[in-house]
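Enquirer: Each chain is listed here by its residues.
2 protein chains.
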Amino acid sequence: MALSLELLSRLESIVGSAYISTDVEVLKAYGHDETEDYSFPPNVVVKPANAFEIAEILKAANDYKMPTTPIGGRTGLSGGALCIYEGIGLSTERLNQILEIDEQNLQVTVEPAVITQVLREAVAEKGLFYPVDPSSMGSCFIGGNIAENSGGARAVKYGVTKDYVLNLEVVLPNGEIIWTGANTLKNSTGYNLTQLMVGSEGTLGVITKIVLKLLPKNSHNVLMLVPFFKAEEACEAVSAIFRAGIVPSALEFMERDAIDWTLQFVEGINVQVPEKVQAHLLIEVDGNYPEILMLEAEKILSVVEHFEIDEVLFADTEDQKNALWKMRRSVAEAVKANSVYKEEDTVVPRYMLPELLTGIKKIGAKYGFQSVCYGHAGDGNLHVNIIKGDLTDEQWQIEVPKGIREIFELTVQLKGTLSGEHGIGFVQKNFMDIAFSKTHLELMERIKHVFDPNNILNPGKIFPDNL
Amino acid sequence: MALSLELLSRLESIVGSAYISTDVEVLKAYGHDETEDYSFPPNVVVKPANAFEIAEILKAANDYKMPTTPIGGRTGLSGGALCIYEGIGLSTERLNQILEIDEQNLQVTVEPAVITQVLREAVAEKGLFYPVDPSSMGSCFIGGNIAENSGGARAVKYGVTKDYVLNLEVVLPNGEIIWTGANTLKNSTGYNLTQLMVGSEGTLGVITKIVLKLLPKNSHNVLMLVPFFKAEEACEAVSAIFRAGIVPSALEFMERDAIDWTLQFVEGINVQVPEKVQAHLLIEVDGNYPEILMLEAEKILSVVEHFEIDEVLFADTEDQKNALWKMRRSVAEAVKANSVYKEEDTVVPRYMLPELLTGIKKIGAKYGFQSVCYGHAGDGNLHVNIIKGDLTDEQWQIEVPKGIREIFELTVQLKGTLSGEHGIGFVQKNFMDIAFSKTHLELMERIKHVFDPNNILNPGKIFPDNL
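Chains as they are written, first to last, in our numbering: chain U, -3 to 463; chain E, -3 to 463.
Hints listed in this document are in silico derivations from the structure and should not be mistaken for laboratory results. Hints may be right or wrong, so weigh each one.
The list treats identical chains as one, so a pair stands whether inside a single copy or across any two.
[To be verified] Using 27 Å as the maximum straight-line C-alpha spacing, the simulated DSSO-like pairs for lysine-lysine come out as follows: (1) 122 with 295; (2) 384 with 317; (3) 209 with 411; (4) 226 with 358; (5) 205 with 411; (6) 209 with 153; (7) 209 with 295; (8) 55 with 434; (9) 153 with 122; (10) 61 with 122; (11) 272 with 153; (12) 295 with 213.
In this text, all values refer to a predicted model and were calculated from it rather than measured experimentally.
Work out the full structure, taking the sequences as your base and the hints as a guide.
Expert: Structure follows, in structure tokens:
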């Protein structure tokens, strides 16, 4: 799809010549995110300054029926920001201000291009806590977190992005601007368009302001690493911890390979993994009273001791804690550095994790692929990295997708679904029929049509090709 | 609107003759809820046994373009279940089973007509906790809680109904049956129809199965009653408590009149209210460690002591706690017993409460009405009971609504909205233009049209008459 000079000139008059580019290198840079090795550059990149400019861009896009894809931090893992039909790449990067930290109401109002960690640190300085911590928080945008309904390690206790979004300013595809809700903790006033927008992957509108709920900050935490001799037992321990009445602030699972690859990839993490160890749980409890946290840690110990485990490592210093978290957060990059891979974001009720893990390994054996699994086990959210390794291109493109389909079928049988926190975007859309009936998908598509009758905003995402 | 014999006979063949009625007394009984003194009986009441029968009823309603209103526990406060265009009253009362308490995954699957308190007690027996506790929990249905996105006293710490709904089985207006999501804590798979359904007041589908998240049960709590000499200072204390880093499990506000009327109405509550006291805060903290709760209670004391207060009452026994909660939960009934009234469900960011309260009293003075205010102050959710008292019918029907409009305008100016937990239903729909632009309302109406093109399901609710 080529852009007419007329449209280009209209876009330039909206954003100014400094904020529009058709340079090939720029287009290429904006044409990928962290999803495998995909590259889908737009025809033009625009960098509007505010909601009004975004409104004008979307009006122009409607006039020319031009595909327009919102682009955030480009850290997505489902290809939600890829310009698969070219067209306009709409980068939100200039909307990057923290507008107000409201200490009276425990709220923050931000623009979408604020980096999640920057937001977390800014509110922490005021003694406040924004708990959502995706592994990419050092570079992802909060707007993208809302588009994908991102989670992270602390979701197990504190919930995901959707649980913190109170109100959104959104530019609708027709260029009108609305606030979806109110700045209140409770709201029973009409349909919940705020929650409809969260996780809609930039297909229903462009988010330009965000009001988030904050919590008072906790002062203490205890972190421990528990090595298991059997990976399935690590999964079983997860629900046993909850049944003992503990709600940990993080409960992460890492398979042996994930740890080995990460220790090779990241320098300076002093963790020894004995040969018999097949998986780790990284477990954190947090709160304001250290003596209570020690009690809870002891309760957790008494639960995991019912399984075959090696010696538990308690992180005694901040440095040790940071090293363990660095290890956990580096797994995805380490796997990526090791081989071409596909990452699936399966999620099931947490007690189903052992069955899911066993099933994934069986399916891998059937189709001849290796998988490395890790993730937010406390939520039942298992990231499955399928490794290309020595597979031929043919096996990779034909056999592996059959295996992935079987993994998702298993996930849905276990009352889970396709994505816990990465979204469907481009790469998972043709598996949507596994989770939803045709009726259900058509209902979603008609909602999309209500917002975006010309299908200009982020087309080719979420919905399967043959709907 | 009269029903043809043909349609009646079709409905009878669906539910069986024991579960259909056109008896005038029955119609009258199903024609009201707890909203003021409204009465809108349907032409026929049907009591289907399951989702399949509901699907057949909705297909018939579509064939005959017959208004059909889902009816639950009839405890609603916004008239969401009133059959304002007559037609079919669809009572869910026979779908009243707790289907599964899943102790492994901390979930419960229920039918919509389970009474909320019955649900809470059933899971408590297994050591689990469903925190949402609307004042009507002894008689309201969980299905109605979902339709209205109900809150309650514990929402301040634990959130409202929407925060516990994982997945819903819904009969769509065309008779098709879907599950909206998955039984998982995280979900980034397509548009969030689960959350679109929560709070949609029975206008988008009939909920027939519900999967709720549960928590491990806390073992202890501390409850205190703090009497303030100035009502505004009680409101100010609310946000001061949060800023001190405490998240109470309940933080309720009651004006002097609310308490006086309640103590007259309910017998056997041993609370003395000195003359100078103008308002109370009822404050609870909960957790597993009594010594920590005492620390937190002391922190709260040190916050409230900065205001002009009388002696704080600590509830030492279960009986005292129950008495205080009974007092709080009886306020609405006590006000109702005292006078005809209208109840508004305003909600603002919590720090705006003093300004809201002052504004409401000013508006009352301007239009000559008395108001009694109480509610979930920790959430910024203030129930405003406007008392008819000695007002003439003309004042009641013409002047008072002008005042209510001003109250809602003030609420929205303070970044709040019309309803925190009661819904819009029938009685608040003509105030919706205060909170939403025409664009926004039309967007919601087009979503309604996607689900229900013939507008048969609960027509005349949420949307203003002149949209």
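Enquirer: Now tell me, hint by hint, if it's right for this structure.
Expert: Checked hints:
Only between protomers do residue 122 and residue 295 lie at most 27 Å apart by alpha-carbon distance; the minimum there is 19 Å, versus 33 Å within a single protomer. For the identical chains of this complex, residue 384 and residue 317 are neighbours neither inside a copy (32 Å) nor across copies (62 Å), given an alpha-carbon limit of 27 Å. Taking identical chains as interchangeable, the C-alpha atoms of residue 209 and residue 411 lie at most 27 Å apart only when they sit on different chains, with a minimum of 14 Å there against 30 Å within one chain. With identical chains, the CA atoms of residue 226 and residue 358 are at most 27 Å apart within one copy only, with a shortest distance of 16 Å there and 68 Å across copies.
Within a single copy, residue 205 and residue 411 get their C-alpha atoms only as close as 35 Å, which misses the 27 Å cut-off; across copies the closest is 14 Å, which meets it. Taking the shortest Cα distances, residue 209 and residue 153 sit within 27 Å of each other both inside one copy (15 Å) and across copies (13 Å). In the homo-oligomer, the alpha carbons of residue 209 and residue 295 lie at most 27 Å apart only across protomers (23 Å), although the nearest pairing inside one protomer, at 31 Å, exceeds that limit. In this assembly of identical chains, the alpha carbons of residue 55 and residue 434 lie at most 27 Å apart only when taken from different copies (19 Å versus 31 Å within one copy).
Taking CA atoms no more than 27 Å apart as the test, residue 153 paired with residue 122 passes in both settings, with 22 Å inside one copy and 21 Å between copies. Taking the shortest alpha-carbon separations for residue 61 and residue 122, neither the intra-copy value of 46 Å nor the inter-copy value of 57 Å comes in at or below 27 Å. With identical chains, the CA atoms of residue 272 and residue 153 are never at most 27 Å apart, being 31 Å at best within one copy and 43 Å at best between copies. Within a single copy, residue 295 and residue 213 get their C-alpha atoms as close as 24 Å, and across copies as close as 16 Å, so both meet the 27 Å cut-off.
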